[in-house]
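Listed in order, the protein sequences are those of chains A and B. Quick note: the first sequence uses my numbering, first residue 1, plus one each step. Quick note: the second sequence uses my numbering, first residue 1001, plus one each step.
The set of hints was computed from the structure by calculation and includes no laboratory data. All values reported here derive from a predicted model rather than from experimental measurement. Wrong hints could be hidden among the right ones.
Residues of chain B clear of chain A, computed beta-carbon distances all greater than 12 Å [claimed, not checked]:
no.	residue
1	Ile1026
2	Phe1063
3	Tyr1184
4	Ile1206
5	Ile1218
6	Ile1270
7	Leu1334
8	Asp1353
As a list, the in silico DMTMM-like pairs of lysine to aspartate or glutamate whose alpha-carbon atoms are at most 20 Å apart [what the hints assert, rightly or not]:
no.	chain 1	residue 1	chain 2	residue 2
9	A	Lys68	B	Asp1250
10	A	Lys69	B	Asp1003
11	B	Lys1377	A	Asp54
12	B	Lys1017	A	Glu127
13	B	Lys1400	A	Asp54
Listed next, the stretches of chain A that the computed footprint assigns to chain B, with coverage defined by at least 3 CB atoms under 8 Å from CB atoms of chain B [what the hints assert, rightly or not]:
no.	region
14	61–74
15	82–91
Cβ atoms here follow ideal geometry from the backbone N, Cα and C, with glycine treated the same way.
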Amino acid sequence: MLKIENVSKSFGNKKVVDNISINMNKPEVFGLLGTNGAGKTTTIRMLLGILKKDSGSITWNGKPVDRKKVNFGYLPEERGVYPKVKIIEQLKYFAELKGMNKEDAIRSINKWAKILKVEEYLNMPAEKLSKGNQQKIQFMTAVIHDPELIVLDEPFSGLDPVNTEILKKVIIDLVNKGKYIIMSAHEMHTIEEFCSNVVILNKGKTVLKGNLREIKDSYPANRILISVNKDINKIIKSLKLELENSVGNSYVIKIKDENDGYKLLDKVIYSNIKVNKFEIEKPTLNDIFIEKVGGKDE
Amino acid sequence: MNDMFVVAKFTMRDMLKRKSFIISTIIILFMIVLGCNIPNIIKSFKGESSKAKVLIVDKDNIFEDNLKELSNEENEIITNVLTIDEIKEKLLNNDIDEAVIVDKIDNNISFKYVVKNAMYLEGSPYIVDVLSNLYKEMQISKLNLSEKEILSINPVFNYEVEQAEEKANGNVFLMMILSMVLFYAVYFCAFQVSSSITTEKTSKIIETLVTSTSPTNIVLGKTIGIGLVGLFQLVLIILTALFSVTTFLDREMISSVLDMSSITLSLGLITLLYFILGYATYALLYALTGSTVSKPEDIQSANTPVAMITVVGFYISYFTMMNPSSNMNMIAGLIPISSPFCMPFRIMMGFADTNEVLLSIGILLITIFIIANITIKVYSNAILNYGSKMSLKDILKMYKQK
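Please build the complete structure, drawing on both the sequences and the hints.
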């Protein structure tokens, strides 16, 4: 349905998005990853027509993405509300701009206010709300008109754990209702929770793209978790394995492949040490991200 | 089109609910009512003694007890024989407002006019002229002359003014006031457009807004919304002024400076038309400057060039109005920066013919179209410019961008 093909954008001599392609064929949450300045927001802005692309094409159901033709919702990275205007007034304003009549707008506002637990703030000016609540209001602006395509730029940044959970449930619910969601995020665990397909950008270029499960499966296991009833530091050293972390007799050990793990397990059992837990782990998205962009998870 | 009115409606509501708008409107209306009541307030403080007290010292009774006849609605004549020091003391104590000491040496009558402060005194005071005339009339009546003889000595001089240039129809004073009101209304109203646009960039709502409607709808919707609020304020001010002038001011005083019959429907319609055209021209220029900045502290400096153009436009129109039949005033009525303030004056004074009016409106409409085009283009390209204030070079670059 959504097709971004060979899209590029330069600011002056600097190429900020270089030949990016994304395909979304079914309702899902698509993850757009990258460090700061990787080109995520520029890609989103080109997708929504805020910025003009230099080359390539962006289509939704075969038609160019246009505000008038495609019903989309957008939560920008730059959070913004009218500080002096009552929440209900600004929500009605955006609903009307998106073509809703007054009655439908009020019905939708009340529904979303209940879901996001912001009913008590509807008649307050935005400046009196906390940042987290202002963010929820802006999320309402993005979904109030029941769009087919929803673009969320860093939706969880600045939210407390309670509100993060509320928003997570809402996003899962939207996918279940057949919505196409593109989400950029810094938090890798969030992306792992939601996204079936991802693209990782680095300095405007695609460094990794595809189904998240397949990507992870293509990587060899890189660590084991083992919980025993005795100290096994000597065994770890004798096998020349790198200890990543240990708490009491629970260890996280880095391995090159699964065989390293089995060798350790053999030796532990041979030494008559009782094993409470043994787990061979695939690399996390965070590991893959760091490997691909050569930096830290921000 | 629908979105444009949604933006206009939202902007209007936002403006009308602002405390600054409500308070400033109340203050302006209060000042108008208060200003028109100043003569009444002064009168109520002075009470019955609102007449000027004029003391005349005529120790030799030169005026033969005729002085009391000079008392009228404005002056109360008091006669008494006092020394100059006593008179000065009375003046300083505000017991009297002015005094005249009449003296006769040989056949010459002399008047000494005594006043608290003579700094602003120009020519002979009114009371001295009145006393001179009274004395003359007294002497003529003693000659027992016939009416014809009296008339030949003291004829009635008819006085008329005829001007070489074409005669104006309207009331210059009223039109000059109106021109000034138009300037302030356009200036302060158009300025709001710029701050409204910058505020949306400051509060970062702009990205949500431009994905909800087009830049054209945003710029024109805001301009219409703020314009309607400005028009509402202008109508409120004019109605309050008319009500206050007719209710609180003395009718004779009004008619001496203002010909109320010249306040007509056509004057109202012309004022309305030029307010709309002038406002649209300047509001769109302010929208352009507003879209080039993202911080509230930069608005003022970004707006300075437009503010200067507005002031220059007003002064071109104001100074050429002093000589309305000049070519300069005709040109001021056509230049789009001055015509909104100048043309209503020219039309109402009967100096502008139909062609000139149509040309002036045509030039303004073309100017509005060109400015709107540039503004919308720059606004669309400058939406995400969150940095420092843009230079003229940057603005040109934004305009040329596709």
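*Where does the structure disagree with the numbered hints, that is, which hint numbers, in rising order?*
4, 5, 9
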